[in-house]
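**Q** Per my numbering, the sequence shown runs over residues 9 to 271.
Do not take every clue at face value.
Have a look at the derived ranges for each label pair, beta carbon to beta carbon [stated by the list, open to error]:
{"#": "1", "residue 1": "G97", "residue 2": "T149", "range": "45 to 53 Å"}
{"#": "2", "residue 1": "P106", "residue 2": "W178", "range": "25 to 33 Å"}
{"#": "3", "residue 1": "T149", "residue 2": "D54", "range": "25 to 33 Å"}
{"#": "4", "residue 1": "P152", "residue 2": "I179", "range": "36 to 44 Å"}
{"#": "5", "residue 1": "K261", "residue 2": "T149", "range": "40 to 48 Å"}
No more than 30 Å apart at the CA atoms, straight line, and that leaves these computed lysine-lysine pairs for BS3-like [as the list claims (entries may be wrong)]:
{"#": "6", "residue 1": "K265", "residue 2": "K84"}
{"#": "7", "residue 1": "K11", "residue 2": "K116"}
{"#": "8", "residue 1": "K11", "residue 2": "K105"}
{"#": "9", "residue 1": "K105", "residue 2": "K124"}
{"#": "10", "residue 1": "K95", "residue 2": "K124"}
{"#": "11", "residue 1": "K116", "residue 2": "K265"}
{"#": "12", "residue 1": "K84", "residue 2": "K105"}
{"#": "13", "residue 1": "K84", "residue 2": "K116"}
{"#": "14", "residue 1": "K95", "residue 2": "K191"}
{"#": "15", "residue 1": "K10", "residue 2": "K191"}
{"#": "16", "residue 1": "K261", "residue 2": "K105"}
{"#": "17", "residue 1": "K11", "residue 2": "K261"}
{"#": "18", "residue 1": "K265", "residue 2": "K105"}
{"#": "19", "residue 1": "K95", "residue 2": "K265"}
{"#": "20", "residue 1": "K84", "residue 2": "K11"}
{"#": "21", "residue 1": "K124", "residue 2": "K191"}
{"#": "22", "residue 1": "K116", "residue 2": "K105"}
{"#": "23", "residue 1": "K105", "residue 2": "K10"}
{"#": "24", "residue 1": "K264", "residue 2": "K84"}
{"#": "25", "residue 1": "K116", "residue 2": "K261"}
{"#": "26", "residue 1": "K95", "residue 2": "K105"}
{"#": "27", "residue 1": "K191", "residue 2": "K105"}
{"#": "28", "residue 1": "K214", "residue 2": "K95"}
{"#": "29", "residue 1": "K191", "residue 2": "K116"}
Hints in this document: simulated from the structure, not taken from any laboratory. Even glycine gets a Cβ: it sits at the ideal position worked out from N, Cα and C.
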Amino acid sequence: MKKYLYIYKATIIENLSYVFDLIFGFFNYFVMMFIFLNLWQYIYQDPSQIINGYSMQQMIWYVLITECIWFGTRNKILTNQISEDIKTGNIAYNINKPYNYIYYIIAKHLGDITIKYILFTIVGAVIGISFIGPIQGFEFTNIPYILITVILGTLINSILRIAISLISFWIEDSTPFHWVYDKLILVIGTLFPVEMFPKFLQPIIKFTPIFVVTYGPAKLLIHFTFDSFIEILIAQLIYLAIAITITLLLYRKGVKKLNVNGG
9 MKKYLYIYKA TIIENLSYVF DLIFGFFNYF VMMFIFLNLW QYIYQDPSQI
59 INGYSMQQMI WYVLITECIW FGTRNKILTN QISEDIKTGN IAYNINKPYN
109 YIYYIIAKHL GDITIKYILF TIVGAVIGIS FIGPIQGFEF TNIPYILITV
159 ILGTLINSIL RIAISLISFW IEDSTPFHWV YDKLILVIGT LFPVEMFPKF
209 LQPIIKFTPI FVVTYGPAKL LIHFTFDSFI EILIAQLIYL AIAITITLLL
259 YRKGVKKLNV NGG
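Please model the complete structure; the sequences and the hints are all you need to start from.
**A** This is the structure in structure tokens:
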């Protein structure tokens with residue numbers, strides 16, 4: 009456990025040298041937030057209007073939060089490094105090191121996104137408070153519960169991305185699968201809450217990663233109820249167990265395939 013904690017800390021320290029690069033990356037985030045602020049303000053011509061249970065303020069805050077999660081958790085470690093290691097054969101060298109390759113990748117990924125996550129959260133909060141004011145009814149006592157769902161959602165997202173990259177053991181390039189996953193999370197999970205979709209689609213969406221990765225934490229932040237927290241937490245724990253099982257199964261079969269083929 010200590011070796012992975014060291015990898016996590018070392019990655020954070022390394023990324024602190026590139027803070028200005030991270031700040032430059034906020035440009036896309038600002039542009040997207042500006043577009044959606046104006047879009048929802050146009051849709052909600054009456055600020056007191058309620059659409060599918062969301063006020064204008066709640067809707068804008070929802071998009072701000074989910075965009076923070078989406079932008080803050082993206083990097084090339086999960087989408088590129090694993091695939092490149094497999095395609096180039098470096099995976100054979102890495103799996104013989106005195107650590108588990110999957111745990112190493114997770115520790116490195118979390119270290120890479122920690123600073124980014126914090127910065128995006130701060131920027132998102134500043135934008136939200138400046139343009140639409142604080143979240144109505146928000147209580148700081150709910151933060152520990154919300155943080156639990158954010159952490160679990162981030163872990164689930166990370167492990168699912170690793171699983172997608174491990175497909176490279178059998179196909180040449182997993183990039184198209186990452187593209188599809190990214191677009192599903194972006195379009196369905198970040199830009200619109202579940203309640204904005206047709207009722208027959210809502211139960212289906214709740215069985216997808218969207219519900220546990222982006223929707224759940226954002227929903228709790230803008231409208232917290234303990235019943236919702238329990239529902240989302242149970243769904244996240246189930247999804248986490250499934251994601252871990254699938255990832256370890258793919259990894260073991262991939263390594264076995266590698267060994268059979270002589271590395």
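**Q** Would the pair K11 and K105 pass a check requiring their Cα atoms to be no farther apart than 30 Å?
**A** 12 Å, holds
**Q** When you check the alpha-carbon spacing of K10 and K191, does it fall within 30 Å?
**A** Between K10 and K191 the Cα gap is close to 36 Å, so the pair fails against 30 Å, i.e. violated.
**Q** When you check the alpha-carbon spacing of K95 and K124, does it fall within 30 Å?
**A** Given that 30 Å is the threshold and the Cα spacing comes to 28 Å, the pair holds.
**Q** Just to be careful, I want the Cα atoms of K116 and K261 compared with a cutoff of 30 Å; is the pair within it?
**A** Measuring from Cα to Cα gives roughly 23 Å; hence the hint holds.
**Q** Verify the proposed pairing of K95 with K105, using a straight-line Cα cut of 30 Å.
**A** Holds, because 18 Å separates the two Cα atoms, which is no more than 30 Å.
**Q** Taking only the CA atoms, is the gap from K265 to K105 under or equal to 30 Å?
**A** 18 Å, holds
**Q** Does K191 sit within 30 Å of K95, going by the straight-line distance between their CA atoms?
**A** Judged against 30 Å, a Cα distance of about 24 Å means the pair holds.
**Q** Verify the CB-CB distance for P106 and W178 against the hinted window 25 to 33 Å.
**A** 27 Å, holds
**Q** Is it true that G97 and T149 lie within 45 to 53 Å of each other by Cβ?
**A** 52 Å, holds
**Q** For the pair we were handed, K265 and K84, check the Cα-Cα distance against 30 Å.
**A** 25 Å, holds
**Q** Holds or violated: are the alpha carbons of K105 and K10 at most 30 Å from each other?
**A** 15 Å, holds
**Q** Using the C-beta atoms of P152 and I179, is the stated range 36 to 44 Å upheld?
**A** With a Cβ separation near 42 Å, P152 and I179 satisfy 36 to 44 Å, so the hint holds.
Violated hints, listed in ascending order, are 15, 27 and 28; each of the other numbered hints is respected by the structure.
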